[in-house]
Amino acid sequence: MDLQRLLIDRMENRILVGLTMVLASMVLVGWVAINESGRMASFQQQHLARSVEKGAELFSSSCATCHGNGGEGSARAPGLNNPQLFGHDYLAPLDTQIAAVETRIARFETLTATMVDEEARSQLNEEEFAAVQADLAAIIERYGEDPLTSLNGELATLATNRANLILQMQSAIDRGYDPEDPSRMNNVGWGSTLETFVLTTLVSGRPVSSNYWPEPMAAWSQTAGGPLREDQLRDLANYVLNWGHERNWTLEDLLRVQQFAKEPVEGAIQIVENPVATEIIDIQFADVSGRRDEIDEVVARALGEMAELTGDPNNGQSLYNGSLACSACHNLATVAPPTEGTFTRVEDTRLADPTLAAYSAEHYIVESILAPNAYVVEGYPANNMPQNFGERLDAQLLADLVAYLSSQDGDDPLAN
Amino acid sequence: MSVLPFPSFLDDVKEKGLRKAVFEGADEVVERLSAGLNIQDVRDALRGEDPSRRPNPRLQPHADGFWLHMRPSYYNRQVTGLYPSFRLGWLSTYFVFFETITGIILMFWYTPSPEIAYGNMLSMLNNVPFGQFTRDLHRLGAEAMVLIVFLHMLRTFYTGSYKKPRQFTWFTGVLLLIFTGFLSFTGYLLPWDQLALWAVTIGASMAEATPLVGEQVNLLVRGGPEMGANGLLRFYMAHVLLLPVLLFIFTGVHYYKVVIHGHSLPPREENPGEDTAKRVPLDRRVYFIPDILTSELMWFAVTSFILIVLCIWFYHAPLESHADPGVTPLGTTAPWYFLWIQGALKLGDKTFWGVIFPGILLGFLMVVPYIDLNPARRFAQRRLAFSISFLMLTALVVTSYMGLAEFGVATAPDQEILNELTFEPAHNHMGLLRPVSYDQLATGAFTTREFAGGAEHGPAGVVEFNDMLQQSGDVEHLLEHLETQFLSLPTLRFTPVPANAPELVHVLEEFAHLLEAEQVELLDSWGVVIITPNQGNLKRLDIVINWQEIEIVGGSPVLDDNGNPIPVFNDDGTPVRRTSSKHVFINEQSGYFN
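Protein sequence lines correspond, in order, to chains A and B. The numbering of the first sequence is my numbering, which starts it at 372 and goes up by one. The numbering of the second sequence is my numbering, which starts it at -10 and goes up by one.
You may find that some hints are simply not true.
[Claimed, not checked] Stretch by stretch, here's where chain B covers chain A in the computed footprint (C-beta under 8 Å, at least three residues):
id	segment
1	379 to 389
2	405 to 416
[What the hints assert, rightly or not] Using C-beta positions, here's what the derived DEER-type ranges look like:
id	chain 1	residue 1	chain 2	residue 2	range
3	A	Gln415	B	His416	18 to 26 Å
4	B	His416	A	Glu566	28 to 36 Å
5	A	Glu566	B	Gly543	30 to 38 Å
[Unchecked claim] List of simulated lysine to aspartate or glutamate pairs, DMTMM-like, C-alpha gap at most 20 Å:
id	chain 1	residue 1	chain 2	residue 2
6	B	Lys153	B	Asp16
7	B	Lys528	A	Asp624
8	B	Lys5	B	Asp16
9	B	Lys528	A	Glu676
10	B	Lys528	A	Glu443
11	B	Lys153	B	Glu197
12	B	Lys528	A	Glu679
Please keep in mind that the hints were generated in silico from the structure rather than gathered at the bench. Bear in mind the structure is a predicted one, so any value in this text is a computation, not a measurement. Ideal placement from N, C-alpha and C gives every residue a C-beta, glycine not left out.
Construct the entire structure; sequences and hints are all you get.
Pasting the structure below:
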């Protein structure tokens, strides 16, 4: 049997086979080399896509509660599926056109001034003069005998369009959008890419004042004591950035955003001139019984001040959802009782408690705002609600708030 | 006394005269360059004359050079063919060097830290030219090496080559087999993906079963109670330092013994108890140079070529998602060459089957030549040894099969089906839903009732399903369930799968079949697939299974006298229905579908 031999008995043939194989291997390796850059690029794309998938999973379970399922944002956190985050400027195309027309007007004025001014004209040589005349002729040919009027007309139309466009964005502007300064990156003066902005925010969170966000953005990375690994943060960032993937932002996209980023500027912190109850702020639950009389006295005084005022439920609502951010916690029944049916709940359930026998609904609400620990509803933790509303509200704002809550007299979702 | 302060050509001239010195010098240069032919030899060769009769100076470097002296000068013609060696020993050696070289290249791109190891893998795949190729070669080589070394052992056993005087050669061979297994196993962890973490977690947990010092061994191996940064570093050090050093030392010992004793001849060539390997008759000698050397160079080229072809078209080293100690993938197993231990573990006591049994087995293997004193090497005279080996091989196959995830691990059928539909790519397989083309993932809600057998078949099944959900109020339950999975839908209306989505139809058909196959445990079940858009190029797929609960005792359903399962009812007499679900996101560019 020939297998018994070296398989290939003749040395020439062995050398031939060996050389052929070496050459074939070299060709194959060369072929791999040629395809390497394409393969690496397609792997990169595929990996990014799968990373976005993993990010979507993390986002829906960890981030959507505050940033919204579709990234539209909520009272607790800004929208991320948001042209502002990606720096889209809706006014830019119009601004470009306006700038072009303004340049043209300036040019026309310069040219006509040159034609009128003898001295200026005399400084031009023949060629330059011919050029000025040709420019003028071109403008007149395009805009008629009176270019200034039609150019100004065009400018006026563009300005109207611009104003209309801003008007269409009004509801977004009400929620904090600034069409004149539409880029979040510019606002915060971020010097690097959007990706690093998102990543660093995820890593270290955002310690914010509760005066403009109800709760800070947590630090999510394990490095900063959070729950997520570095690769998971990258997945999340890739998911967030995927909202801008080949995106042509439309006005609907802007209007869909429920909440825009808030700037920590002066004025965001409400400073009232005559705070209603500075004495009873920061009373811990354990201290309530000791300071019972003081609480009752201050609450009675506040109620007295409010009696002469008329509350504006609309302003109350905007305080509730806006700068005071009550709705951040009072939305689902998990953190705090929901807003819906508050007044009904106070009347039917709370006042049924014998310890609150002497209370009116208004009294209960005011006491709960000014001294949240005075009465803690069973099932919710004490010391949880901010205890500084006494110095952030004056009697009028308190009355507005109470007026808004009194309008929540529908069915109580907790009652059954 | 030299002319110059050191010996030089001038001394020769002084001694022999210019003419002679020049001629001798030229002769020496030619002889060095041609490895033995002097000018006279070259002249003779050109004239076509017979070679000179002086002792062949070409054997000189072979006779005292280390590299060439490592190899025998000549082999017996009986052992140079495919049989009896099948080139397995040579191949094992080939892989030792192959793995070393590819491994050293990979070391340039790898850092053994859980924070960046996986990132290193990714950059190897997307940013290092030949990164994937080298990794594929190294991984394929590793798996092949385990197999080849094992086959080498089998061959040695069946040709009786472990018998006197080669007992110690066999002993070092078994050690090399163990080192190879551990090398492959320690390398398994390094990519730090799910596959690595869990295969190694299972493997390393066997160490825990070591009697008395199990906990200490476990801590020592993992560097902590769980596999983490220390564990990875220890595995890395074992993989690139400790085990290779042992492997090289014992490869040296092993091969030294092979050369000392000679390659054993095929059993039929010798009488029992005879060992003639070192006495090679002149007419049977095959010289290393040039015959064996050219043969080996050819084999080297052929084997490398085969590996290259495999790694270009047929094999890619797996890489799953980032290791996550919190998520155990369904169907996790140890690497295939340790499956037999995993299977044995299912037989009972962890300490016995996980440590003592494999220990005894390997110990037995090592001492086989000292127990089996029967000098005969021919098959017919070794019936007992062969019988025992076949028994052991059978046991190996059976325990390996038992080690598979399918065997003896009870998973709820709904979880099995959900996993079947959605699992992430692993071992070149993936959940049925993933490879559906992106444009065929039509937004909407679809049900298996459209494809279930019987009268409900087709769009009528969908209409009936919608009605049934509305009447029973299950649609509310379904919406509530989806809410807990972070999917808020205002309503749900099921529609037939669009005609232009045959791949989705196929998946739903499979889904229906899977449910039907489990109709005992998943009584009166239905499944739905709900596809919702998430981002411009991203869709969310929710797969829900709903069934009527039956009585289950000890993991298997209780059957009544007619062999039917017994449904469970609420206090008010309505059947208890269970829901379980899973969801995945699919990106347009994820490339599951090409």
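Taking the hints in turn, this is what the structure says about them:
With 6 residues carrying a beta carbon less than 8 Å from a beta carbon of chain B, the segment 379 to 389 of chain A meets the three-residue requirement, and the given coverage holds. For the segment 405 to 416 of chain A, the stated coverage by chain B is satisfied: 9 residues place a CB nearer than 8 Å to a CB of that chain, which reaches the threshold of 3. In this structure the supplied range 18 to 26 Å holds for A/Gln415 paired with B/His416, their Cβ-Cβ distance being about 23 Å. In this structure, B/His416 and A/Glu566 meet the distance hint of 28 to 36 Å, their C-beta atoms being roughly 33 Å apart.
Range check, A/Glu566 to B/Gly543: about 53 Å between beta-carbon atoms, so the 30 to 38 Å window is missed. Distance restraint check for B/Lys153 and B/Asp16: the Cα-Cα separation of roughly 50 Å exceeds the 20 Å cut-off, and the hinted pair is therefore not satisfied. Restraint check: the Cα-Cα separation between B/Lys528 and A/Asp624 comes to about 18 Å, which is no more than 20 Å; the hinted pair holds. Straight-line distance between C-alpha atoms of B/Lys5 and B/Asp16 comes to about 15 Å, which keeps the hinted pair within the 20 Å bound.
Our distance criterion of 20 Å between C-alpha atoms is broken by B/Lys528 and A/Glu676, whose separation comes to about 56 Å. This hinted pair checks out: B/Lys528 and A/Glu443 have alpha carbons roughly 17 Å apart, not beyond 20 Å. Straight-line distance between C-alpha atoms of B/Lys153 and B/Glu197 comes to about 38 Å, which puts the hinted pair past the 20 Å bound. Distance hint between B/Lys528 and A/Glu679 is unfulfilled; the C-alpha atoms sit about 57 Å from each other, more than 20 Å.
Hint compliance for this structure: hints 5, 6, 9, 11 and 12 are not met, and every other hint is.
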